[in-house]
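*Asks:* The chain contents come next:
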Amino acid sequence: MSLGLLLRLGIGLLVLAFFAYRFYGVLVRGAYGAETWARLAISGLIIGSVYAVIALGYTLVYGILFMINFAHGEVMMIGAFAGYFVLEAFAASGFSARQPVLAIIITFLAGMTVSMLVGISLERIAYRPLRGAPRLVPLISAIGASIFLQNAAQLMFGSMRRTYSNPPALERNVGWVLEVAGKPVSITYTGVLTFAFSVVLMVGLYLLVQRTRLGRAMRAVAENKEAAALMGVDVDRVIANTFAISGVLAGAAGVMWGLHNGIIYHYVGFIPGLKAFTAAVLGGIGNIPGAMLGGIVLGIAESLTPAVLDMPFQLKDVLAFAVLVLVLIFRPTGILGEVLAEEKV
Amino acid sequence: MGLRTGIRMGLIAAIVTIFLILIGVHMLMGRLLQSWFRVPAHWPGVWLMVVLLGMWAGSRAVGQMKARSWGNALLAGASAGIIQGALVGAALYLLASITQAGVDLRTWLNQMSKESIGALTLGFAPLPAAGFIGGVLLVSALAGAAWRERRLRVRAARLARGERMISLREHLLEIPAISQVSNNPLSRRVLIGVFMVLLLIAPFFLGQYWNYNLGTVGIYVILGLGLNIVVGMAGLLDLGYVAFFAVGAYTMALLTAPQPHHIQMSFWLALPIGIVLAAVAGILLGIPVLRMRGDYLAIVTLGFGEIIRILSKSDVLTGFTGGPRGVRNVGHPVLFGKDIGNEFYFFYFILIGVILAIIITRRLEHSRVGRAWRAMREDEKVSQAMGIYTLKYKLMAFAMGAALAGLSGAIFASRNSFTGPEDFVLLVSINVLALVIVGGMGSIPGVILGAFVLKGLPEMLRELEDYRVLVFGALLVVMMIVRPQGLWPASRVQLERPRPELAEEVEAPAELAEGEVGS
Amino acid sequence: MIILQLDHVTKQFGGLVAVSSVDLEVPQGSIFSIIGPNGAGKTTLFNCITGFYRPEAGRIIFDGVSLVGLRPDQIAALGIARTYQNIRLFGRMTAIENILVGQHSRLKSGLAGALFRLPRTRREEQEALDKAHQLLDFVGLSGYGDMFAHNLPYGQQRRLELARALASEPRLLLLDEPAAGMNPKETEELMAFIRRIRDELGLTILLIEHDMRVVMGISDIVAVLDFGEKICEGTPQEVRCNPRVIEAYLGKGAA
Chain A
4 MSLGLLLRLG
14 IGLLVLAFFA
24 YRFYGVLVRG
34 AYGAETWARL
44 AISGLIIGSV
54 YAVIALGYTL
64 VYGILFMINF
74 AHGEVMMIGA
84 FAGYFVLEAF
94 AASGFSARQP
104 VLAIIITFLA
114 GMTVSMLVGI
124 SLERIAYRPL
134 RGAPRLVPLI
144 SAIGASIFLQ
154 NAAQLMFGSM
164 RRTYSNPPAL
174 ERNVGWVLEV
184 AGKPVSITYT
194 GVLTFAFSVV
204 LMVGLYLLVQ
214 RTRLGRAMRA
224 VAENKEAAAL
234 MGVDVDRVIA
244 NTFAISGVLA
254 GAAGVMWGLH
264 NGIIYHYVGF
274 IPGLKAFTAA
284 VLGGIGNIPG
294 AMLGGIVLGI
304 AESLTPAVLD
314 MPFQLKDVLA
324 FAVLVLVLIF
334 RPTGILGEVL
344 AEEKV
Chain B
6 MGLRTGIRMG
16 LIAAIVTIFL
26 ILIGVHMLMG
36 RLLQSWFRVP
46 AHWPGVWLMV
56 VLLGMWAGSR
66 AVGQMKARSW
76 GNALLAGASA
86 GIIQGALVGA
96 ALYLLASITQ
106 AGVDLRTWLN
116 QMSKESIGAL
126 TLGFAPLPAA
136 GFIGGVLLVS
146 ALAGAAWRER
156 RLRVRAARLA
166 RGERMISLRE
176 HLLEIPAISQ
186 VSNNPLSRRV
196 LIGVFMVLLL
206 IAPFFLGQYW
216 NYNLGTVGIY
226 VILGLGLNIV
236 VGMAGLLDLG
246 YVAFFAVGAY
256 TMALLTAPQP
266 HHIQMSFWLA
276 LPIGIVLAAV
286 AGILLGIPVL
296 RMRGDYLAIV
306 TLGFGEIIRI
316 LSKSDVLTGF
326 TGGPRGVRNV
336 GHPVLFGKDI
346 GNEFYFFYFI
356 LIGVILAIII
366 TRRLEHSRVG
376 RAWRAMREDE
386 KVSQAMGIYT
396 LKYKLMAFAM
406 GAALAGLSGA
416 IFASRNSFTG
426 PEDFVLLVSI
436 NVLALVIVGG
446 MGSIPGVILG
456 AFVLKGLPEM
466 LRELEDYRVL
476 VFGALLVVMM
486 IVRPQGLWPA
496 SRVQLERPRP
506 ELAEEVEAPA
516 ELAEGEVGS
Chain C
6 MIILQLDHVT
16 KQFGGLVAVS
26 SVDLEVPQGS
36 IFSIIGPNGA
46 GKTTLFNCIT
56 GFYRPEAGRI
66 IFDGVSLVGL
76 RPDQIAALGI
86 ARTYQNIRLF
96 GRMTAIENIL
106 VGQHSRLKSG
116 LAGALFRLPR
126 TRREEQEALD
136 KAHQLLDFVG
146 LSGYGDMFAH
156 NLPYGQQRRL
166 ELARALASEP
176 RLLLLDEPAA
186 GMNPKETEEL
196 MAFIRRIRDE
206 LGLTILLIEH
216 DMRVVMGISD
226 IVAVLDFGEK
236 ICEGTPQEVR
246 CNPRVIEAYL
256 GKGAA
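Residue numbers (my numbering), protein chains in the order written: chain A, 4 to 348; chain B, 6 to 524; chain C, 6 to 260.
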């Protein structure tokens, strides 16, 4: 135990020293002005809120089944494609110019519905037959499903990158402009929409889990499946509903991703999926407010760290994974703590 | 009862069928049948898939039914078939009429070419075509339901008569010649000897192409045996296994290539260094992550694999690793002044590596170390209570697995004379994992079989090309559901010595042992 | 001589005190039973002794060595073995392999020994296998040695778990409800067996049990836990008559 502690202390000090050293260098050189920091923080906040919405899906499923739904990122990707096709049709027919608000709402609904269906089918086909199997079995099945969906999307939609045709009122990279230290910092409309909608989804989910019958059933199943079944809870249905909800969230995240970042392709769900899982662990898996916090913290961290460490921004993803590893070493239960039934000794 | 399960199954089957059509699997089946059985056209394969999917729906619906009766079975089959047929028919109608209107669907759906839809409509107008496919699905679903019901009845009757269900393996063992060989160590050795001789002379008869491909299979066998130690024996799901492959390959490349460093060491020196460095990397990576819960380990190792790939691709390390362009002119092995760096010699070289890996795995499996690994896999906490220092044994498993990956990586880089970031994509890890799982976790012959099936067969089935990875993914899911122990599961060791005074008692438990069921 | 001593051991989970300042002194060679209603903290106490839980307060001394802070495998190597309330065997390993794993801390060979098949390793393996056969006979499982543990019938699994625990040559054996799910005849056999291993192998036995016939029949000393506290300790007769015990089991007013 003491060796482990020493080791962790050592790694921690090294990381801290490295951080301090690089950050000092950046500050001394004055490499980035206040407006850059503000811009990075804002973009981190926006992307972080998308991670948070995806992370909620991981956390919900993990809290109930103790299983990493590896294919969750792919569910999000398919939602993004569904939204893309709807918007494409609206743009072609001129509908999104006439009724931008309605167009956006329908796009979101389409993405969320399709993702929900994918989530339900996924559970039904790849996970349900494996209930009660050893831990590794559903995890491998989930990995298989993830690979399958990714390649199916590549076959179905081709491997080219597609650009979301936002309604004219919601053009990308257009927005309000703030002034920070005399320099302009823009807050895009898509960013505001993403952030606001994320918050709505998070609050909605929290209320759903805390206040409704379904939420109560979900918490009961998470606590103890056998006991819940004895109490008359239909465990299969609750699990299916959980996958449906996490699919809806993933679909919303997919459309937000498309609207805000613009480009989608078959691989678009994979890395955000990994990061969202990181976010869920960071916040404490099984913990809904934790997933939100974790997502936003991770988003801001990955946006700021390359600048703080004075590293190329292409290493952003590496830093996000490094965060995951560090969290798991130092605080495996996450910032807000896990919400899981007690571990068997 | 039969109606509800039928409708539910029909819905699932419809989604699956439409999905498979949208990704063009029907055309793939058509092409496969064309090239395998020299079928003159692709429509037989296309419709074989349709029929099979219909039968699957009917048979699954019957399998899920609780009350057993012919009426129920046909009802379930019919309802599944009607739902599946109606939905697939509707989808086909939509696709066909859009195509007929002269719109090229491929702008949105890459596989929906005119031919692809034509194979399903068979030249009919959209409406009759939809009706036809619906009808075919309905008939197939009914057939599937009837088939399943009959099989279930036969099985129930046999059980009632007290007959035991026997597996394929037991069937095979009933054939005298096979049981003779499998029980007699001498004939087993002879068989292995003959196989070895065949392998030894094979490269003289196979061309460059097949020597190369068999070599690739061999490299994957080594990788699989390594991962088998980590996943199959120790139960640690490592998704970043490719990282150790990369360490071996880059060590070989950087030490022997003229660029970017001018070391140009001998292959024979670089090889052990690569293996050792990979093992060290395994331990270094293991120290921080092995305390984690099992499923976290999967995602962290995956993250590590991605870190390695992103780093090797980025410009940050260009000076050191050659960056995105990789390393060229990796050194070849030289023996007695002769460059033995072609497919022919590498075949033997890889063969030696494979044999080495087999010996290592076999010796470890039934040693104190291997038992500790397997105990850990079965129940980590109990294994601790039995005195196993799990952290140490996890690190050992990681190091051994990494060492084998390092070995194959080093050979791989030298054989290709090149290595670069694209050799180390996540897909390699997935490939290796898939072959271990398909073959049979913890089983040496299983891993070899898996490597041949997943790396060897696709070379023969060029048609599979774009669908290869898709099939891997599907295989992982299907194997987990249908046969989690793999194609060639690990066998039990026979350690108990027969004792004469116990001869009679031994009979009874042996009976019990046959009725092995996964728990 | 006292082989295991617990001194004010306390274990909490969050706000819940599972074990509260428990003192125990287990004499060498005794059969010592811990009884108490469900949730009284008996298994938690076992987990503290075997190192899976670290008590918040108190000392646990085994034959002069403090166990608090040691890892479970180190504690096992000191000579403490256990069985589980709900049998936990290594399911996809054979019965003999389970016993061989039980011998883990008594064996030495490592990676090199296995890879190069050193003579020392081979001799050790041979001896370990001999011993496994002896144990198989000892618990009456001869002929079942090559079966996967999860394919054994329930009663055999219980016996195999005992054999696995004995394989580590423990000086202290912790048994967690060994009679659970047994019929009266099997229980009778089990009691004889427990006595036999104490007498023949000379080990000390710490027992959690619900079956009062077992407890009263074979224990030298019985300690009663209720809500994590030790409410009484003594010979079976003394405990049986203690009003606090009756109250804990039957509720207030029954005494």
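For the record, the hints were derived by calculation from the structure and aren't laboratory data.
A portion of the hints provided could be inaccurate.
[Unchecked claim] Computed beta-carbon distance windows for the label pairs:
no.: 1; chain 1: A; residue 1: L8; chain 2: C; residue 2: E193; range: 45 to 51 Å
no.: 2; chain 1: C; residue 1: V73; chain 2: A; residue 2: F22; range: 44 to 50 Å
no.: 3; chain 1: A; residue 1: L10; chain 2: C; residue 2: D204; range: 42 to 48 Å
no.: 4; chain 1: B; residue 1: W75; chain 2: A; residue 2: V206; range: 52 to 58 Å
no.: 5; chain 1: C; residue 1: Q17; chain 2: B; residue 2: F325; range: 50 to 56 Å
no.: 6; chain 1: B; residue 1: R111; chain 2: A; residue 2: V206; range: 40 to 46 Å
no.: 7; chain 1: A; residue 1: V18; chain 2: B; residue 2: H267; range: 48 to 54 Å
[Unchecked claim] Simulated pairs of lysine to any residue, SDA-like, Cα-Cα distance not exceeding 20 Å:
no.: 8; chain 1: A; residue 1: K319; chain 2: B; residue 2: S319
no.: 9; chain 1: A; residue 1: K186; chain 2: A; residue 2: P335
no.: 10; chain 1: B; residue 1: K119; chain 2: B; residue 2: T104
no.: 11; chain 1: B; residue 1: K386; chain 2: A; residue 2: L139
no.: 12; chain 1: B; residue 1: K397; chain 2: C; residue 2: A82
no.: 13; chain 1: C; residue 1: K136; chain 2: B; residue 2: L500
no.: 14; chain 1: B; residue 1: K397; chain 2: C; residue 2: G74
No experiment lies behind these values; they were computed from the predicted model shown.
The beta-carbon is built from N, C-alpha and C at its ideal position, and this holds for glycine as well.
*Asks:* List, from low to high, the hint numbers that the structure doesn't satisfy.
*Replies:* Hints 2, 7, 9 are the ones this structure does not satisfy, whereas the remaining hints hold.
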